[in-house]
Amino acid sequence: MKASISASERLKYFAPQIEKTSLSTKVWIVILLMFIAAGGVALYQQIAIGHVVTGMRDNVIWGLYIANFIFFIGISYAGAILSGVLYVFKVPWRRPIVRIAGLVTIAAGLIGPVFILLCIGRFDRMHHLFLYPRLQSPITWDVMAICTYLVGAVLYLYLTLIRDFSLYSDADFLNIPNWKRKLYKTLSLGYKGTGVQKKQLKSATRLLAIVMIPLVVIISSVLSWIFGMTLRPGWHSSIFGPYFVIASILTGVGVIIIIMWTFRRLYNLKEYLTDKHFTYMGFIMLVLAAGYGYFSFSEYLTGWYGSEKWDSEVLSKLFNTNEYGWWFLFSNIFAIVLPILVVALPKLRKPGPIAFSALLMVFAMWVKRYLIVVPTLETPLLPVQDTRMEYVHYAATWQEWALTFAGIATFLLIFIISSKLVTIVPTSDYIDDEKA
Amino acid sequence: MQNSDNTHGNERRDFIKLTVLGAAAAACGSAICSCGNKEEAGKKVKLLSPDGKLVEVDSKHLRPVHKTVGVSTEEARLGIPGRKFVMVIDLAKCSNARKCVSACQKMHHLPEEKEWLQVKLMMDNPESAPYWFPKTCFHCDNPPCVKVCPVDATFKRQDGLVLIDSDRCIGCKFCMAACPYSTRVFNWSEPDLPEDIAGLCYSPETSVPSQVGTVEKCDFCPDMVRAGELPDCVTACPNGVFYFGDENEDVVSNGEETVRFSQLIKDKAGYRFMEDLGTQPRVWYLPPNDRLFPVERGLDDLPDNIKDRFNDVM
Ligand code: SF4
Ligand code: SF4
Chain A
0 MKASISASER LKYFAPQIEK TSLSTKVWIV ILLMFIAAGG VALYQQIAIG HVVTGMRDNV
60 IWGLYIANFI FFIGISYAGA ILSGVLYVFK VPWRRPIVRI AGLVTIAAGL IGPVFILLCI
120 GRFDRMHHLF LYPRLQSPIT WDVMAICTYL VGAVLYLYLT LIRDFSLYSD ADFLNIPNWK
180 RKLYKTLSLG YKGTGVQKKQ LKSATRLLAI VMIPLVVIIS SVLSWIFGMT LRPGWHSSIF
240 GPYFVIASIL TGVGVIIIIM WTFRRLYNLK EYLTDKHFTY MGFIMLVLAA GYGYFSFSEY
300 LTGWYGSEKW DSEVLSKLFN TNEYGWWFLF SNIFAIVLPI LVVALPKLRK PGPIAFSALL
360 MVFAMWVKRY LIVVPTLETP LLPVQDTRME YVHYAATWQE WALTFAGIAT FLLIFIISSK
420 LVTIVPTSDY IDDEKA
Chain B
0 MQNSDNTHGN ERRDFIKLTV LGAAAAACGS AICSCGNKEE AGKKVKLLSP DGKLVEVDSK
60 HLRPVHKTVG VSTEEARLGI PGRKFVMVID LAKCSNARKC VSACQKMHHL PEEKEWLQVK
120 LMMDNPESAP YWFPKTCFHC DNPPCVKVCP VDATFKRQDG LVLIDSDRCI GCKFCMAACP
180 YSTRVFNWSE PDLPEDIAGL CYSPETSVPS QVGTVEKCDF CPDMVRAGEL PDCVTACPNG
240 VFYFGDENED VVSNGEETVR FSQLIKDKAG YRFMEDLGTQ PRVWYLPPND RLFPVERGLD
300 DLPDNIKDRF NDVM
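Sequence lines, in order, name chains A and B.
Here numbering that gives the first Met the number 0 is used: the first residue of the first sequence is 0, the next is one more, and so on.
Here numbering that gives the first Met the number 0 is used: the first residue of the second sequence is 0, the next is one more, and so on.
Just so you know, the hints here were simulated from the structure itself, not pulled from any lab data.
Keep in mind it's a predicted model, so treat the numbers as computed, not measured.
The beta carbon of each residue, even a glycine, is placed where N, CA and C say it ideally should be.
Treat each hint with caution, since some may be false.
For lysine-lysine, the following DSS-like pairs were computed, each having C-alpha atoms within a straight-line distance of at most 30 Å [claimed, not checked]: (1) B:K92 with A:K181; (2) A:K316 with B:K92; (3) B:K119 with B:K105; (4) A:K275 with A:K308; (5) B:K267 with A:K308; (6) A:K191 with A:K181; (7) B:K119 with A:K316; (8) A:K89 with A:K184; (9) B:K306 with A:K308; (10) B:K83 with B:K155; (11) B:K92 with B:K119; (12) B:K306 with B:K105; (13) B:K155 with B:K98; (14) A:K25 with A:K179; (15) A:K316 with A:K11; (16) A:K275 with A:K179; (17) A:K308 with B:K105; (18) B:K98 with A:K316; (19) B:K98 with B:K267; (20) B:K105 with B:K265; (21) A:K181 with A:K197; (22) B:K119 with B:K155; (23) B:K155 with B:K113; (24) A:K308 with B:K83; (25) A:K308 with A:K11; (26) B:K92 with A:K308.
Here are a few chain A residues that face chain B, going by a calculated C-beta distance under 8 Å [said to hold, decoys possible]: (27) P137; (28) G227; (29) L230; (30) P382.
Taking the hints into account, I'd like the entire structure generated from these sequences.
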């Protein structure tokens, strides 16, 4: 019986997190809802007036939205692959991290595709994708991949939650409203922790965790091929598949570190999310940043050295401080050099600095996405020769920014709400430990 | 083309003036009621239907304007059997008169700022002299735009044309990213069209009316071609720059002279733009040798906003 006592004791420790919502959290929720409402206004305008309200025009046909799409979807992939790998290889320190990773997967995985929908001129015809699918198109690959992936990711997260749900619904001491208890009961699907149930759940979770790993690699690559398959300088590159995979995981690891840091403070989880966890995650970030730096370097070096006309034209925009030079520099320093330095120097290898460098890195990676999309589109093979400035240079409008912030706000909101429903540290995962 | 003109004689000429609404009725149900004009019924007219048969149609189903309704979408996807359309553009003759641009805009009911056909000022290297470069859709034989379309809204036909079904297009703009020649344009807002045009049924062969949130481009005017006429840009050009024709028949015509396509390409060293991309365009260029006009002539009489486009080059 020692196990269950210990589990409920642990649950008591986490209980405040799901039992009550503090005033500051409520304020946060209201603020986030305001951002989402502003996004709603922008969306309404975009639908009512047309895409003309965005900064996109015939040359730069995709802008902020697609950058956000790559950004969020990438974060989601990282969550999936990280929780998959940690689970499959039974990494001992995984416990307090897997749930955060799982939630990141779902939250970002739901928001990402919304941004691609925002790029599409005819929302009302989305069913054509299923009525007249063409296998040759990378978009069709993406639709299939993302749908499969989302189903897998939701199932996986759910499987890892079942034991917790059953634990919460059985815990009489939890001071929660009846509807919540009922919800937990329903969601636990009658899981009681019998031998058979345990075995089945374990093998199902393991199987999904294994499936998710190659799936993430495939879909990340498919995402990159939307760009790689076109004949455009800066996109048409065979390195794009692995480049996107590693960039996605790097960004996602950064986001997970930021969330770990936030929840550690918010819910007083220092005992669970220890300094050690930040160090380990920091090391993962370091390795990924180094790999990403290597890919970036090869990509730009070959383009610059070969100096074909079109490659050079795009690169000259990235290197020119009057155009994208400063941002390019910023993105490389903060996404590659900074995370490596912070983690490599023992003095800085502490949760605070690691989380802060992760924050800057994530922002730098977002900038990088923008720099992958926009300068290439501003550099078509034929001279633009247009006097309408908005057709020559892309500048996002407030509607696009509003929807971008609405996306970030939704991401945070999903997290806040989830943290009111499930404990950030998977309580039931510790039961096995106690038994062993 | 010459042959078929002789065979069908008068009917052919009737067809040129009138467009068959009946033929399109299958494609869009109530087309006749919604698009037809209010003329009295009764008078029967003999016409050549798009599939080559002689049909009798009530005159109230006819409309005395060019390009109102094309063939059904199903038929427009197949193309005209036995044909292989090509275009040859003689850069030596272009004076940037821009008559092709305005004719195209007029016939497709496009606003002034939307150019399916563009005339660029090209300069191949720092030593060479700039030249005017009219650019249509190249109707590539290996079209990157078609490859990437997720819903088969843009397609390649057996007669070589690459067309768009705007009723199916979801507006993902992937084809615009994929086309290396900046050919395609997007309807960023609701197109401003007169009511009678906006009410027409869309056909991939007319590309009219424009629809918000979808992509459109030069279509080589297949509705004109079916009627045995040359595309609008070809006939509008005062200098005879554009030659249009059929590769199978090996003839192209600019409206004034009809020549053998293969011979023309051989004699004048015809080339395809950016051949190395592997897109295999169906549009051939004749290099700007022995030009008829000095390039500066092209800037005369241009409105400022168009003249400014070329500031970088000249
Ligand atoms: S020129 Fe562009 S739009 Fe036309 S067929 Fe070729 S790739 Fe497609
Ligand atoms: S914009 Fe339309 S035509 Fe172009 S790829 Fe998308 S669905 Fe196809």
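Okay, the hints, checked on the actual structure:
Between K92 (chain B) and K181 (chain A) the CA atoms are separated by roughly 81 Å; this puts the pair beyond 30 Å, and the hint is violated. The straight-line distance between the Cα atoms of K316 (chain A) and K92 (chain B) is roughly 36 Å, outside the 30 Å bound, and the hint therefore fails. For the proposed pair K119 (chain B) and K105 (chain B), the alpha carbon gap of about 20 Å is at most 30 Å, so the pair holds. At most 30 Å may separate the alpha-carbon atoms for a hinted pair to count; K275 (chain A) and K308 (chain A) exceed this at roughly 49 Å.
At most 30 Å may separate the alpha-carbon atoms for a hinted pair to count; K267 (chain B) and K308 (chain A) meet this at roughly 28 Å. The straight-line distance between the Cα atoms of K191 (chain A) and K181 (chain A) is roughly 15 Å, inside the 30 Å bound, and the hint therefore holds. For the proposed pair K119 (chain B) and K316 (chain A), the alpha carbon gap of about 23 Å is at most 30 Å, so the pair holds. For a cut-off of 30 Å, the pair hint linking K89 (chain A) to K184 (chain A) stands: about 28 Å separates their Cα positions.
Simply put, K306 (chain B) and K308 (chain A) have alpha-carbon atoms about 26 Å apart, close enough for the 30 Å limit, and the pair holds. Between the alpha carbons of K83 (chain B) and K155 (chain B) the distance comes to roughly 12 Å, so the proposed pair stays at or under 30 Å and holds. For a cut-off of 30 Å, the pair hint linking K92 (chain B) to K119 (chain B) stands: about 14 Å separates their Cα positions. Between K306 (chain B) and K105 (chain B) the alpha-carbon distance is near 21 Å, which keeps this suggested pair within the 30 Å criterion.
A threshold of 30 Å between alpha carbons decides the hint, and for K155 (chain B) with K98 (chain B) the separation of about 28 Å falls inside it, so the pair holds. Taken as a hint, the K25 (chain A) and K179 (chain A) pair is honoured in the structure, with Cα atoms around 18 Å apart against an allowance of 30 Å. Using a Cα cut-off of 30 Å, the hinted pair K316 (chain A) and K11 (chain A) is violated, with the two alpha carbons roughly 57 Å apart. Restraint check: the Cα-Cα separation between K275 (chain A) and K179 (chain A) comes to about 34 Å, which exceeds 30 Å; the hinted pair is violated.
With a C-alpha separation of about 37 Å, the suggested pairing of K308 (chain A) with K105 (chain B) is violated against the 30 Å cut-off. For the given pair, K98 (chain B) sits about 36 Å from K316 (chain A) by alpha-carbon distance, which is inconsistent with the 30 Å threshold. With a CA separation close to 24 Å, the supplied pair K98 (chain B) and K267 (chain B) stays within the 30 Å bound. Taking the CA atoms of K105 (chain B) and K265 (chain B), the gap is near 34 Å; set against the 30 Å cutoff, the hint is violated.
For the given pair, K181 (chain A) sits about 22 Å from K197 (chain A) by alpha-carbon distance, which is consistent with the 30 Å threshold. Of the supplied pair hints, the one linking K119 (chain B) and K155 (chain B) holds, its CA atoms being roughly 26 Å apart against a limit of 30 Å. For the hint linking K155 (chain B) to K113 (chain B), the alpha-carbon distance of about 23 Å falls within 30 Å, and the restraint holds. Restraint check for K308 (chain A) and K83 (chain B): not satisfied, since their Cα atoms lie roughly 34 Å apart, outside the 30 Å limit.
A distance of roughly 65 Å separates the Cα atoms of K308 (chain A) and K11 (chain A); the hinted pair therefore is violated under the 30 Å criterion. About 28 Å separates the Cα atoms of K92 (chain B) and K308 (chain A), which keeps this hinted pair within 30 Å; it holds. Taking 8 Å as the C-beta cut-off, the interface hint given for P137 (chain A) holds, the closest approach to chain B being about 6 Å. Nearest Cβ of chain B to the Cβ of G227 (chain A): about 11 Å, over the 8 Å cut. The hint is violated.
The criterion of a C-beta within 8 Å of any C-beta in chain B is met by L230 (chain A), whose closest approach is roughly 5 Å, and the hint holds. Contact between P382 (chain A) and chain B, as hinted, is supported at the beta carbon level, the nearest pair being about 6 Å apart and thus within 8 Å.
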